[in-house]
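K.L.:
Those protein sequences? They're chains A and B, same order as listed. Okay, so the first sequence: first residue is 1 according to the numbering used here, each after it adds one. Okay, so the second sequence: first residue is 1 according to the numbering used here, each after it adds one.
Rather than coming from a laboratory, the hints here were simulated on the basis of the structure. Note that the Cβ used here is the ideal one computed from N, Cα and C, for glycine as well. One should not assume that every hint holds.
[To be verified] A few chain A residues facing chain B, derived, Cβ under 8 Å:
id, residue
1, Gly265
2, Arg279
3, Arg286
4, Val294
5, Ala301
6, Leu310
7, Ala312
8, Lys314
9, Met322
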Amino acid sequence: MSDLETFRSETRAWLEENCPEEMRAPVRDEDDVFWGGRNATFKNDAQKAWFDACVEKGYTVPEWPTDYGGAGLAPAESKILKQEMARIKARPPLSSFGIWMLGPALLQFGTEEQKLHYLNQIARGEIRWCQGYSEPGSGSDLVSLQTFGEDKGDHWVVNGQKIWTSYADKADWIFCLVRTDKEDKYRGITFMLFDMTSKGVSTKPILLISGSSPFCETFFDDVEVPNDQFVGEINRGWDVAKYLLGHEREMISGMGGGGGIGSLGKAVMPSLGEDAMGRLDDPLLRAQLAELDVEALAFKAMAERFMDELKAKKNHPATPNMMKYVGTELNKRRHELVMASGGSEALEWESEESRGGAKARDWLRTKANSIEGGTSEVMLNVISKRILELPDA
Amino acid sequence: MPLYHTDDQAMLKDSAGDFMKNEAPVSHLREFRDKDCKDGFSHALWKQFAEMGFTGMLATEEDGGLGMGNTEAGIVLEEIGRNLTPSPFLTTSVVGVTGLNHASKDMRDQWLPGIIAGETVLGVAIDEGPKFRPTNIAMKAERSGNGFNLNGRKNFVVQGASADMLIVAARTAGSAGEADGITLFAVERDAAGLSAEAARLVDSAMGAQIEFDNVEVTADAVIGEVDQGADVMTRMLHAGQAGASAELVGVGAGAMDMTVDYLRERKQFGRTIGSFQALQHRAAHLYSEMEIARSTVLKAQQLLDEDDAGAPLMVSVAKAKTARAVNLAVREGVQMHGGIGMTDEYDIGLYMKRDRALAEFMGDANYHANLVAEMNGY
Ligand SMILES: Cc1cc2nc3c(=O)[nH]c(=O)nc-3n(C[C@H](O)[C@H](O)[C@H](O)COP(=O)(O)OP(=O)(O)OC[C@H]3O[C@@H](n4cnc5c(N)ncnc54)[C@H](O)[C@@H]3O)c2cc1C
Ligand SMILES: Cc1cc2nc3c(=O)[nH]c(=O)nc-3n(C[C@H](O)[C@H](O)[C@H](O)COP(=O)(O)OP(=O)(O)OC[C@H]3O[C@@H](n4cnc5c(N)ncnc54)[C@H](O)[C@@H]3O)c2cc1C
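This is chain B alone, in the form it adopts within the complex (with noise of 0.2 Å):
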């Protein structure tokens, strides 16, 4: 498989990037922030995802899903990003679809057609401190009667107050720090006895704390194998991850072309500011990092479709690559509009704020360079 973009592909990009400009561009996050929304996304643009097709990208025709895979979510999470469109689409159609396509057929016909028709949202619950170690799970599912009872809380769950449905990784056996032992369920949201504490991030979107105060569900709410949900989450996680590493490419690539063309037209000392070198060297730095950056998410997305065991390790690069990479682009992206940048008005610290949130989403820089590290046996 050649590493560049198939035509099909191409054609995608063109009507994502299309689509994201004309009906979701930053003026769109902005109207969403200053009216002070509860959900931080438009429901009505999530049904013209479901026209253009995006939501059931991940799931498969038998469910009435595209059978696309992370490289075509790639391409419509690059161009939210650079759009900074708000939308449930990588924790409901990238996460949670990978998620529920291990879960069975009853609970698929249950969820994914609300998904496909872009009615229904998904929140992923797995994080429960301030960092992620998907691991350091605690939150305790006992089994009661023919089902379980769910007891703890959740942090930091993206959109997590206006889901319908959240995946809810618990424990059922071990403890913090095994990855034996973690169940998933499928927990709704007006389940008695859970409640959601909504709180806005600096990015506009929507986190909220999850309580989990005695929450039943049934045997059928479990996703995957009892004790064995590791490995399902595992693989929601790298869909989510290499998903967040593309929004990232986006958003750094739209943060550099915004900084790129106000080095073309800002004149001072009587010349534009991109003529002088100390401006170009670190432009075309920031270039160089960002094409490396793309290539190391393109690569990840393929070995994931590929089911590759090499998947993996490629994540973490690209999560840990793409998250410096952007972060570059973000402060560089400041800096150069000098004071300019410092106002709301200006779009481009809005770049900065979506950066920090998907920077922390799913495993920082730190994260996953101390997993490569680990993969490569040291």
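Chain A extracted, bound-state conformation (with noise of 0.2 Å):
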């Protein structure tokens, strides 16, 4: 046996061992998914275990140096390791913004005291963290931001205001972009890292067309945040965010391949019945559906070869940001047919039966994917300006 078949079978039978029953469902609920954080709570014992026999072995962050908290696996290894767990259907053990975003850019930029610190933290889910880089004047043209920090020596002096910062209230640390330098728009703004209980933080909650608010306006009133807080160089913190963008945008367009649900029409052919050669009773809904899986099944095969070619370091740098936009919007379109398929049914907003308008809220919410981290318009940009190359007007 090589070496992968080897690891495979270990693999298997760590995972037969280790991961409770309830943890091989895909995730149906918020609170089906764990944040970590000071104040996380499980939803049950199963969730529990499962969080602790991944911690334990480093599979919170399989990739990641054992020093770290990782379990410091190869790029087959990993690879084969999350077949192993789509197969099994196995949740994500933490969710966790520490490791999509902030955890990849520590591990390119931070110090040696600052990985061995803020990654350990990270992959045992001990800080939740959240993200400021969004301000009411600085969306898509983020590097307007306004966000002043003073040099006070020992430490800085941040005030301003950040807008849709996800789960603001709910984080206790925030990685955030503010500008130390007015003269030079690029060069100006440094990556800092602060406590949420920081004195002059606050945060009021902003409610989307989903009814639903994990989102935040964030306030800072002269909030002093240490010397040693940032990530990079000072001044040098467009880099950082540049990089961690590319890994968000990664994270994002994941949803693309339906999250594990398979074949909607298949899902769905039970309610809508079939007709007399046993086909989905709707010709019309069953061709959109259709459509839909060999988009999701076309995706699914560019998300592997996205990660193969990444881990082999073979990608076109703004590659990232293709998946993102072709992700986030095929997303969007398996939603709209989820409401489609669901007739007058997935438009219950409240009943126990919808588990609370589940399916309508999810629909309202995918129509941010392509907006949140960078919208599609911008990612067509990078596109024919980094990719394509074609000149600037």
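Combine the two chains into a complex, taking the hints into account.
P.N.:
Below is the structure:
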């Protein structure tokens, strides 16, 4: 047996033993997702057991080095782990902006001390992070941000406002873009980390069209940030931010595959019925669902190729923008079809059978996919300029 | 298996790319079209294909071939597509050889050496109507003495009139619509009672209507098992569908590259048109679609080569996805070229024509999307 085959059979055995039955099902509700953090509570014992087992093994962040709380897996091994987890439909043990966004940036730009400290915390789900980039006047044009950090020698004093800060009200710490030089637009931004309980930090929720509100306006009023809590170099935070956005896009683009739900057409077959030939009894809807399956399977192949190329460093650096664009647009299309296949039942907004109107709320939530983390239009700009090398206006 | 080309495959891509670009670029297609060549391709070029080792890629080493897979054949096909190179590679070396690999030793000895040497051309005779419906075969093969007697008509046999041998699917039992009862026969082009009427297609290739009027073949002409030909036929079709998808990706990539180059150089309103965001966004969308299509083809080929149970689903995904993406590439190509794109002199229209033919070959996007729905159980 090759090393990889051995690894696969060991992984299979480990999962068999450690992944509880309840954790082998697609995520249905927000409380199926474990986000960690100081105030985290587990939904049930199974969620805790699965989380603890993964932390011990380093499987919350399988590819990170063991010193930083990972399992130090090689790309081929981590692909196998992913395949084996997908095979039994295992839920992610921990969802975390620390893992998806801050972690990769620290691995790339952090000091050894920062890595040992923050990465281990992230891997063990101890600190829940939020992202403070956008401001009311700086969305797509992020580099125009105004939140200002004044250098006071041994600390900064930060003043300003952020917007759209996902889960700011639940997060323990924030990674934040702060202007530290007003003269240089690109080279005047510093990437800072600080505690959300610091004096002068306040948040206000923003209600979305989906009726939920995990997003906030975040205000900084003379917040004191110690001098050593920055990543990369002072005034070079834009480099860190760009790197990190690539990872955010990778994560968001993962949604195009449909979250492991499989064929939507097959799922709705029982409720819509079949015709005399055993086909879904609505030929035009069936055709749209078939096109969706083609797109979803095609995207899955693209995602596999993207990850393989990324690990072998064979991809164009702007490929994540393309994945983000395609994955999010596909996810929106999928949810339009979820609504169309659900008919009047999908319109339910509150009832218990509808799990609190989950279909309708999910559908509305997906509309943000092509806005958050950079809009589709901005992704298309990046593809045309950086990959196709089309001229500027 | 990572989803990108190995180093060996990347080398093959380079050599196939150089070969097509140097020996058979788009001007080669024009030349053969303009001299109204009756075969629609160059026999001398087919010989060069053999010298490059392309013709026998899918034949086993025992049979004198290279024992390569669909992935390698796809690499050659993509370069064929990019350069619109006319050749019998897809029908002969991919679909035909896949069929012959399941034939008797005698039959392989009879046909493979000629194919590998670039001397022999095969046609594949399955369709009987204008749309691809492989189980709707009505053509009859009745037992007669030691062999069979073939009667019926086949449609859209690519290079059918210039092929040396046709692999013919006919019904020895059952009725149209059933998979059981189909038998595959190797029928020589000069068999008595066989007549072919060649017709030029929109992409300048030659298709043929073939009539079988009491064509006698011996029992040795059967490929695979009598009545059970659907199995081998399905393998041939999968290889052909994945292959056509690979060629389509080449067609789309060729059209897209031409278009993006044009966007970079054409000036209107005092600016290069590629600086207009309206065109940039469409070009970027097209690029994304092409990359996804490319991934589906490679995935389908790898699964075919591993004989994975998931291959048929992915083959249909590949054909459906590439057909949509490449159709977008050629339509956007002509549109973004403006008026010049409508001229015969300019190459972009040739890409549009080849796309149309390949889109129909062995099942269009709707046919394959329907199969995906069936395989997914609805
Ligand atoms: C649900 C949600 C969660 C979010 N979470 C966070 C978070 O946790 N942290 C954080 O910092 N931010 C977060 N964001 C903010 C997000 O990053 C911004 O909304 C996004 O960057 C777009 O900025 P904007 O909303 O100001 O839109 P604008 O930039 O005002 O864009 C408006 C429209 O104009 C288009 N447009 C803008 N510029 C161009 C251009 N150059 N060319 C063509 N079209 C253009 C856009 O595509 C869009 O359609 C979140 C947003 C949402 C909706
Ligand atoms: C079959 C045919 C018959 C014709 N007959 C006549 C005739 O009888 N008399 C006559 O005078 N002319 C005729 N024309 C010419 C026709 O009017 C031009 O082809 C047309 O105006 C487009 O110009 P162009 O071909 O130079 O394309 P270009 O202007 O070079 O356009 C190339 C591409 O760039 C796009 N583009 C250009 N500018 C912009 C912009 N600002 N923003 C976004 N996109 C842009 C275009 O939409 C197109 O996709 C004919 C053309 C054809 C094809």
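K.L.:
Take the hints in turn and mark each one as holding or not.
P.N.:
Now the hints, each set against the structure:
1. Gly265: holds, 4 Å
2. Arg279: A/Arg279 check passes; min Cβ-Cβ to chain B is 7 Å, inside 8 Å.
3. Arg286: holds, 6 Å
4. Val294: holds, 5 Å
5. Ala301: holds, 4 Å
6. Leu310: violated, 10 Å
7. Ala312: holds, 7 Å
8. Lys314: The hint holds - A/Lys314 has a Cβ within 8 Å of chain B, the shortest such distance being about 6 Å.
9. Met322: holds, 5 Å
In this structure, only the earlier hint numbered 6 is contradicted, and the remaining ones agree with it.
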